[in-house]
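Protein chains: 2
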Amino acid sequence: MIEETFVLDKNEVRNLIRDRKVVQLRSYLTEMYDADIAELMDDLNDKVMALLLFRMLPKLQAVEVFSYLSVENQREIINAIGEDDLPYLVDNIFFDDVIDMIEEMPAEFVNRVLINIPPEKRKLVNQFLNYPEDSAGGLMTIEYVRLTENMTVKNALDHVREIGLKKETVYTCYITNLHEKLIGIVSLRALVTEDPHKKIVDIMEQDVIVVSTKDDQEVVAEKFKRYDLLAIPVVDHEGRLTGIITVDDIIDVMEQEATEDFQIMAAMTPSEEEYLATNVFVLAKNRVIWLLVLLISATFTGSIMKNFSDTLEALILLGMFIPMLMDTGGNAGSQSSTLIIRGLATGDIKLTDVFRVLKKEFLISIICGVILSAVNFARIIIFEPQVPILIALTVSVTLITTVMMAKVIGGLLPIAAKKLKLDPAIMAGPLITTIVDALSLIIYFNIAQAVLNI
Amino acid sequence: MIEETFVLDKNEVRNLIRDRKVVQLRSYLTEMYDADIAELMDDLNDKVMALLLFRMLPKLQAVEVFSYLSVENQREIINAIGEDDLPYLVDNIFFDDVIDMIEEMPAEFVNRVLINIPPEKRKLVNQFLNYPEDSAGGLMTIEYVRLTENMTVKNALDHVREIGLKKETVYTCYITNLHEKLIGIVSLRALVTEDPHKKIVDIMEQDVIVVSTKDDQEVVAEKFKRYDLLAIPVVDHEGRLTGIITVDDIIDVMEQEATEDFQIMAAMTPSEEEYLATNVFVLAKNRVIWLLVLLISATFTGSIMKNFSDTLEALILLGMFIPMLMDTGGNAGSQSSTLIIRGLATGDIKLTDVFRVLKKEFLISIICGVILSAVNFARIIIFEPQVPILIALTVSVTLITTVMMAKVIGGLLPIAAKKLKLDPAIMAGPLITTIVDALSLIIYFNIAQAVLNI
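Protein sequences, first through last, are from chains S and Z.
Residue 15 in numbering that gives the first Met the number 0 sits at position 16 of the first sequence, and the numbers go up by one each step.
Residue 21 in numbering that gives the first Met the number 0 sits at position 22 of the second sequence, and the numbers go up by one each step.
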């Protein structure tokens, strides 16, 4: 039966729970995907109801649904379920999900979870908790199929059959030697298609793309994109296999990295927390620091205007064009910096491309500057005949200069940041605007003084 | 042998090609991954050298490398290779890569490629070319394993063995009935672990997550993220299986969708082309239209200032604070709109959350507004003693009001856009800044008139 994803309406669920229509609810739940049930629970915004729903699920499905839940709801459930159910839950979620969960939880929950993990696994959990959350070590799972080089294809397939069902991925198997060093990989596809009597050592790929436990998650994501992988092995500094990372986790990483860039580019301290789940004070804190820094920087524009207050006082009309000039300069600069920041992030632009970028931005800025300036000049002449032609000319020349300067600065600063090992994303709209605003005021008043002889 | 990815230095390659050291070059090439060779060719910036390099590759590897190349270099190669090699190339790249390639190419290349596709496949290519590039139909491939319900597990495995090597993915097999309708899926993992005598119909999963050929690629990416898939079947309006989409293509789609959002948010017409490969005039065109629209909108600020020119003339000091007020308002609004746009894109925020967003932004804006305003007031009193306290007060009150207004507008407009079926990303920094600038000027002058009795 193929059909559109079956999702229950949350109000309907609320009613069914309130009316204690357990049988009906259960039959609905069996038709739903685990990810959808988890979303439903998160959406209910009612912890008691979410818990009631969770208790209705068959044990094994409950484990699956749990791993899709928000951290908030995971906490609720760990808090609420008894000592009888917790060991089952903890033992049956995938290893990397346990690690993620523990990393997000306050200490009292961590202890309750750790106590329920069998001692031999607990040691491993503690080891994994030492890897930074954003590193390959923090992303990896220990659930994979390990083979030895002397197995035959038939042995290997039997081994996969025996333990495969418990592993997060069986599609790539990893071959290690006696010292646990990774010496090759073999795909399940190869195991299925090769002669069963061949030895693993003869069919394995020895040229393996790996990451190190300390590698940043961006490096890991880059390799997945580049080589179209489904999983990547993680090795320690001596080449020993410590875990694997699967593509579904990398999809989350990519989304998270893009979100981080969006936040930094809009002058915020990046945060992994979901907007709606984050406290107002935390959100305010992430924003106010950068607003303050930019506010203080923007007061420079005030000093510049003060220096030119004679000019301004002599011709108050000049002031009318300042907001438009500043906005346009900021927009032109943001366009350039955004393209370059994104290009650096996706790898389309490299540090060595700096002169190509500069040349391109310079040419683009001439084209854009001339068009904007011409349109603006015509607009003033036609719609504001009271503005003297010399002022219209001053505004137009400033506009060209500002756009050119904004685009070159916007193209250059992200690359400079990367060269200085800073995140290029800080060189985005808000900062570029502040810099360009100050410079364009200086240009404007100087041109005005020259052209108008004030 | 496990080692860091082996990548040749491009200058070294240039030298090797110039010196005709073919043997040495070939031995290097066999040690490199296909994706790295393709990048090397793209990086060479020298079409003749890239072509020489390509010709050195063994035929089958050449096909793999080809599929990783930039469109520009793909064109070069199709243009350069003779009628003997083209059929081999065209016949051996994966079906979805052929479609992608044809979509990006000018007509004369398309014909050369189409002529070299066998007639039965050509019909299929033409059908696929009719799907919009950004739809599920435009992403899918026809290379997958199809089974029937009456096969046994053993039959199925034999079938995979026979044809599997040619397919882009064999890890999920698709079961169709006589009318080509998709009736279930079975994973290779299940085939390997189940009893070989069982029937496919008894072990297949009937509850399949599918997309329709017409679905937008964002919908497809959403399902991959939600259900952690490796591949998804694509069906037509009658439920017939027309193709599958694999996770590696979805990773590219996600990156492309994020890039598009970045571009729209910085007020540009989105483009899929790589920055460095795009013509200056195209880049200028993508930007200048939005700059013009925003420039015209920003002239409203001029009219507002003109209306208050008496106030401004009476107290030129008021003008000094305008750039800072406008910048801060713009920044505060951009922060909010960016978070909401990104939340809507990742699905963390839904249309129904509008009141939760409004409440949050309102509270955050009070916290941010009060802090900014207090710091700014202190700064004026301490560092600019010549500014009368009433003006400092006017600026501070305007700052609070502007920040509050900016954050509420920045939170609201992206949701409103989505409600109106517009792309929320247009309601980002540049547009928000323009709106907030105009409103904050009105607020500023009105407060000034009231407080200062001008």
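Simulated from the structure, these hints should not be mistaken for laboratory data.
For every residue, glycine included, the Cβ atom is placed at its ideal position computed from N, Cα and C.
Hints may be right or wrong, so weigh each one.
Said to hold, decoys possible - Distance condition first, Cα-Cα at most 25 Å in a straight line; then the derived SDA-like pairs of lysine to any residue:
no., chain 1, residue 1, chain 2, residue 2
1, S, LYS349, Z, PHE307
2, S, LYS122, S, ASN91
3, S, LYS224, Z, LYS305
4, S, LYS198, Z, ASP194
5, Z, LYS224, S, ASP99
6, S, LYS284, Z, LYS305
7, S, LYS46, Z, TYR32
8, Z, LYS224, S, GLU102
9, Z, LYS349, S, ASN285
10, Z, LYS305, S, ALA391
11, S, LYS153, Z, THR192
As the list claims (entries may be wrong) - Computed spacing ranges between beta-carbons, pair by pair:
no., chain 1, residue 1, chain 2, residue 2, range
12, Z, ASN445, S, PHE382, 22 to 32 Å
13, S, ILE441, Z, ILE381, 19 to 29 Å
14, S, GLU102, Z, LEU451, 50 to 60 Å
Stated by the list, open to error - Not the full set, but computed from the structure, chain S residues with beta-carbon under 8 Å of chain Z:
no., residue
15, TYR32
16, THR175
17, PHE223
18, TYR226
19, LEU275
20, MET319
21, MET325
22, GLN334
23, ARG355
Taking 25 Å as the top limit, are the C-alpha atoms of LYS46/S and TYR32/Z close enough?
violated, 51 Å
When the nearest CB of chain Z is found for GLN334/S, is that gap smaller than 8 Å?
Holds, about 5 Å.
Does ARG355/S meet its interface restraint, that is, does its C-beta lie within less than 8 Å of any C-beta in chain Z?
holds, 6 Å
Does LEU275/S pass the interface check with chain Z, least Cβ-Cβ distance below 8 Å?
Result: holds, 6 Å to nearest chain Z Cβ.
Hold the hint about THR175/S up to the distance rule: shortest CB distance to chain Z must be less than 8 Å.
violated, 11 Å
Under the criterion that the straight-line Cα-Cα distance not exceed 25 Å, is the pair LYS153/S, THR192/Z satisfied?
Roughly 13 Å between the alpha carbons, so the hint for LYS153/S and THR192/Z holds.
LYS284/S and LYS305/Z were given as a pair; does the straight-line alpha-carbon distance stay at or below 25 Å?
Violated. LYS284/S to LYS305/Z sits at ~37 Å, over the 25 Å cutoff.
Indicate whether the distance between the beta carbons of GLU102/S and LEU451/Z respects the range 50 to 60 Å.
holds, 55 Å
Per the CB criterion, is TYR32/S less than 8 Å away from chain Z?
Result: holds, 6 Å to nearest chain Z Cβ.
Sort out whether ASP99/S lies within 25 Å of LYS224/Z, counting only the CA atoms.
holds, 17 Å
ILE441/S and ILE381/Z, beta-carbon distance inside 19 to 29 Å?
Hint holds: Cβ distance 25 Å, inside 19 to 29 Å.
Please work out if LYS349/S and PHE307/Z have their alpha carbons no farther apart than 25 Å.
Not satisfied, since the Cα-Cα distance of roughly 49 Å exceeds 25 Å.
Checked against the numbered hints listed earlier, the structure breaks hints 1, 3, 6, 7 and 16; every other hint is satisfied.
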